[in-house]
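Colleague: So the chains spell out like this:
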Amino acid sequence: MTDALTIMVYVLAVILIIAALFAVKQKDLLLAVIGTSAISVVLSIFFYILQAPDVALTEAAIGVALSTIIFVITIKKTERHEE
Amino acid sequence: MVFYVAGILLVLIGMYAVLTKKNIIKIVIGLSIIDSGINLLLIAIGYVKDATAPIFSNETLKAADMVDPVPQALVLTAIVIGFGVTAVALALVIRLYDNHKTLNINKIRKLKW
Amino acid sequence: MRKVIAVLLLGIVGYYIFSSFLEIPFGENRATIGDYYLENSVEQTGSVNTITSIIVSYRGFDTLGEVTVLFLASTGLAAILFDNRGRKRRRQHASLIVRIGAHLIYPLIILLGAYVFIHGHLTPGGGFQGGAIMATGVLLMFMSYRSFEVNHKWLTYLESFAGITFVTIGLSGLIWGDSFLANVLPLGVPNELFSAGIIPIIYIAVGIKVGAELTGLLDNLLKTIK
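Protein sequence lines correspond, in order, to chains A, B and C.
For the record, in the first sequence the residue sitting at position 39 is 38 according to numbering that gives the first Met the number 0, with numbers rising by one throughout.
For the record, in the second sequence the residue sitting at position 29 is 28 according to numbering that gives the first Met the number 0, with numbers rising by one throughout.
For the record, in the third sequence the residue sitting at position 175 is 174 according to numbering that gives the first Met the number 0, with numbers rising by one throughout.
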């Protein structure tokens with residue numbers, strides 16, 4: 000791995016942990032779901048850097064698009080804010 | 000090594016959300032984060048330095064400098080099944096809200112039929 | 000109080016997991032069965048994508064189990080959300096740009112999904128990825144138009160036909176070959192479209208089945224919104 004790639008991996012790992020903490024601590028449930036889909040996007044980039052293109056395609060198709068939409072439909076049918 | 004630390008931290012953050020939060024949708028979000036962390040750990044185990052993806056697109060690629068293909072086949076199945084579990088859990092949440100009109104797990108334990 | 004105990008317990012668990020992961024060196028080659036699959040997969044199965052040949056040919060029975068789990072999840076969701084009042088969807092039309100854009104892009108997304116699962120043995124891709132892309136295309140049309148309906152009978156027929164095709168090909172391997180899901184068609188030249196025996200046929204069946212199931216799941220969820 001060259002130096003630019005290592006710096007990019009460190010920056011993306013920091014973004015991943017910040018998005019996970021944001022998804023757990025937010026009181027507005029819609030913003031928590033956006034944090035979950037940000038985790039899926041960064042994870043898809045990590046899978047490509049680790050030389051696994053099949054898994055990156057699957058995570059991008061299922062984790063980003065479909066998982067977010069079923070969370071949003073559930074929030075629409077129930078309440079939006081925690082407690 | 001960064002990938003190991005990121006994966007383990009994701010699993011721990013997901014477990015914290017399942018243990019201490021009181022809203023059911025937050026608990027399901029925590030389950031989904033645990034799934035993502037485990038998948039990252041599995042693929043990071045199978046990585047070989049300076050190797051390429053396991054597809055023989057032209058004749059000059061040798062089998063000696065490719066990454067391990069077995070964890071990738073396992074993670075492909077795991078991602079799809081994790082999505083199925085999340086979908087059924089959210090359907091149960093919708094039904095629970097229709098009956099009890101609240102999403103707080105403390106109140107749902109106290110109500111009787 | 001509960002949060003402090005939880006953080007303490009998670010700290011102990013995290014320390015032990017991390018100390019056992021330090022013994023797995025990052026980036027070294029230590030696989031034995033991975034080497035066997037990489038060296039023999041092009042001659043024995045004829046497909047150049049090693050992941051496809053592991054999922055369909057070497058571990059094909061696990062793929063049958065996974066397709067069954069997805070079918071159970073989709074059926075279980077439809078059974079939980081069953082409401083016998085027959086509510087119809089009342090949504091709003093999207094704006095003009097979204098409507099025209101969705102009408103132009105929708106056939107291209109379906110074509111992209113079909114391309115991904117037909118060429119599953121040559122490029123990265125396969126049945127599950129292609130099915131998810133097709134379901135995303137249908138979701139775009141659901142969200143843009145008020146009156147876009149999908150016939151549930153057609154979805155059931157497509158899904159059952161694809162499932163029966165998978166099991167029949169497996170049984171034909173038992174009749175004319177050595178074992179369940181053995182390769183009975185000629186293998187052909189690697190890196191061409193008509194090669195690798197039964198692998199493209201099984202992946203087309205899996206792709207159609209996954210696409211139909213995910214479309215039915217989204218339709219059941221969207222119908223319950225008042």
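Bear in mind the hints are in silico, worked out from the structure with no lab data behind them.
It cannot be assumed that every hint is accurate.
[Stated by the list, open to error] With a straight-line Cα cutoff of 25 angstroms, these simulated BS3-like cross-link-like pairs (lysine-lysine) come out:
1. B:K100 - B:K48
2. B:K21 - B:K106
3. A:K26 - A:K76
4. C:K2 - B:K20
5. A:K26 - C:K152
6. B:K106 - A:K24
7. A:K76 - B:K61
8. A:K75 - B:K61
9. B:K20 - B:K106
10. A:K75 - C:K222
11. A:K75 - A:K24
12. A:K24 - A:K76
13. B:K21 - A:K24
14. A:K76 - B:K48
15. B:K61 - A:K24
16. B:K106 - C:K2
17. C:K2 - A:K24
18. B:K21 - C:K2
19. A:K75 - B:K48
20. B:K61 - B:K48
21. B:K100 - A:K24
22. B:K48 - B:K106
23. C:K222 - C:K152
24. A:K24 - B:K48
25. B:K20 - A:K26
Colleague: For each hint given before, does the structure comply? Return the numbers of the non-compliant ones in rising order.
Modeller: Checked against the structure, the hints that fail are numbers 1, 5, 7, 8, 14, 15, 19, 22 and 24, while the rest are satisfied.
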